[in-house]
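Chemist: The chain contents come next:
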Amino acid sequence: MNANAPILPLLIPLAAALLQMASGRLSFQRAVGLLATALLVLVASWLTLLADDGVLRVYALGDWPAPFGIVLVVDRLAAAMTLLTAVLGFVVLLYASAGFDDEGIHFHPLFQFQLLGLLGAFLTGDLFNLFVFFEIMLLASYVLLAHGGGLARTRAGITYVVLNLVGSALFLIALGLIYGTLGTLNLADVARVLTLPGHDRALARLAFALLIAVFALKAGLLPLSFWLPHTYSAAGAPVAALFAIMTKVGIVAILRVQAIALEPVMPDLLDNWLTTLALATVAFAALGALAAARLQALIAWLVLLSAGTLLVTPAQASTEVSAAALYYLLQSTLAGAAFFLLAGLIAEQRGKVADQFLAGPPLRATWLKIAFLIVATTAAALPPFSGFVGKLMLLTSTRDVEAGSAIWVVILISGFIVMAALARDGCYLIWKHKAAARSLPGEPVGWQRATATLLLVAAGPLLAVGARPLADYAARASAQLHAPGAYVTGVLGAGATTTGHGTRP
Amino acid sequence: MEVLLSIAIGVLTACGVFLILRSRTFPVLLGLTLLSYAVNLFLFASGRLRIDAPPLIRAGASYADPLPQALVLTAIVIGFGMTAYLAILALRALSESGADHVDAHKGP
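Quick note, the sequences are listed as chains A and B, same order.
The first sequence begins at 34 in the working numbering and counts up by one.
The second sequence begins at 17 in the working numbering and counts up by one.
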């Protein structure tokens, strides 16, 4: 059982999706989906506990040994990301099962395929397999984005699909270059062959630069990020909440490739440009948040802001910075998702005005206002919630790095701008009413959606309370991530570091 | 053969990029298709070009690298599915907005 643990997070959503496709009944699909994601949370928690012993768990699919077959690799980082995906998937599905899934067809199987793609991307130890899981994730996300219909979603969908198809083409070119120069696509083997002589260093460098560019497109680094606010603000609330983790796939991929393959042989590949562009993304996103006219657009900009903040970290190549980044990633994903779900509920209560920042009918439910206050405080990184802890850890860890002062200035000023934007827009949503306006009767929130939203909203305070153990786990995960030697021997077996496959023709 | 293949990949990529930068969805779709052809050829070439060599390893016989062929097959299937979805999405945008501009608005 323990030996098969790494494959379980992939089998559960796959089996659920196949079952759901077999029967079109919504109640059956809901039950299967919720059961599967609940099971996924349990399995992912177990995997996270298992992975905490520091042993690299390598699962060779079909029992083909590492450089020849595809492997799944579970370290602390992969396990933690699996757990985050599972928790987010369960909560969002609970919310979506209260009626959103009925607005189009095939929501449930697509949701499971999206989870499959996300989990696979975190777990795989093979670069081509990473491409395949990216495509599974993207294909599901294309259709989920269009779920519910409407011109805005179609419009955002075309841009999103075209951009990602171009991204996939670049990904394949990068993989072709890597295979052509190094003769392998297994990440550990790539890292090993890179350290050996006998390959074209310039071509390998070009390949990795392309690979990082593709990940940057998925993560939303500035010149490649114009699609993100557009797309995330057009999607339905639960879909946008699930998308909150999609930018993080790109960031984790950059972190991993940087730590395992690039750091030992070309540590200067990310220097100078990545941190600058990431800080530009942060500034751009803060201004975008200030200019947003709708709550969901504002949150989309905040997701971009957190992605930009996280993209500052890979170029620092430091265990401490990566540890802070992991905590920040965890809390910003949950806070972003909570905000999207909450925005969906708030929009419904305000009738035609929806989530635009205009005076409208007052909100009926008081808990929505309190939840907004908590989530906004978390998102603006004000004490005492997890956003503050995350940002504090990140700033503390970057105090001594080379670009430290620039990082501090940009992140603190953009944080202030975001705070101002949230304060102003919160006033519109909560206090500014049309004269003599009455609350609208509207649809009731329902226990499912209320529970889902409150669970994610509670993550803000809870992650702040549990900051110590989480930060410790993040520190251990980061130490494991920044030990490429252990990763290579863990995947390929001891003694593999010195012998080559033989030179390529 | 290397020269011929690299010219083919270059021409396909150039045409693909040019068409992707057009403002209507149909040329963009064609451009993506051309680009994916170029990428598939490129991926295929990453296993080195061999004539008269089967992708099977047998003692003594010469063989071509089978892995890029498997990768290309995967890439073709994925690219085909994606392109089909984009075609449907473009048709939907056309019927919803009455224009085939990539931003789904009526424009030049």
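Derived from the structure by calculation, the hints contain no laboratory data.
Honestly, I wouldn't trust all of these hints.
[Said to hold, decoys possible] Quick list of simulated restraints, FRET-style, between CB atoms: (1) B/Pro-43 <-> A/Asp-301: 34 to 44 Å; (2) A/Gly-132 <-> B/Ala-100: 23 to 33 Å; (3) B/Leu-65 <-> A/Ala-242: 37 to 47 Å; (4) B/Phe-96 <-> A/Pro-256: 26 to 36 Å.
[Stated by the list, open to error] Sample of chain B residues with no beta-carbon within 12 Å of chain A, all distances over it, derived: (5) Gly-47; (6) Pro-71; (7) Ala-75.
Quantities reported herein were computed from a predicted structural model and do not represent experimental measurements.
C-beta atoms are modelled at their ideal positions from N, C-alpha and C, and glycine is treated no differently.
Chemist: Look at each hint and say if it fits the structure.
Modeler: Hints versus structure:
Distance hint for B/Pro-43 and A/Asp-301: a CB-CB separation of about 40 Å, consistent with the stated range 34 to 44 Å. Here the CB-CB span from A/Gly-132 to B/Ala-100 is close to 30 Å, well matched to the stated 23 to 33 Å. Roughly 25 Å separates the CB atoms of B/Leu-65 and A/Ala-242, a value that falls outside the hinted 37 to 47 Å. Under the hint 26 to 36 Å, the C-beta atoms of B/Phe-96 and A/Pro-256, about 29 Å apart, fit the expected range.
For B/Gly-47, the shortest C-beta to C-beta distance to chain A comes to about 9 Å, within the 12 Å cut-off, and the non-interface label is violated. Taking the minimum C-beta to C-beta distance to chain A, about 15 Å, the non-interface status of B/Pro-71 holds against the 12 Å cut. For B/Ala-75, the condition that its CB be more than 12 Å from all CB atoms of chain A holds, with the nearest at approximately 17 Å.
In summary, the numbered hints that this structure violates are 3 and 5.
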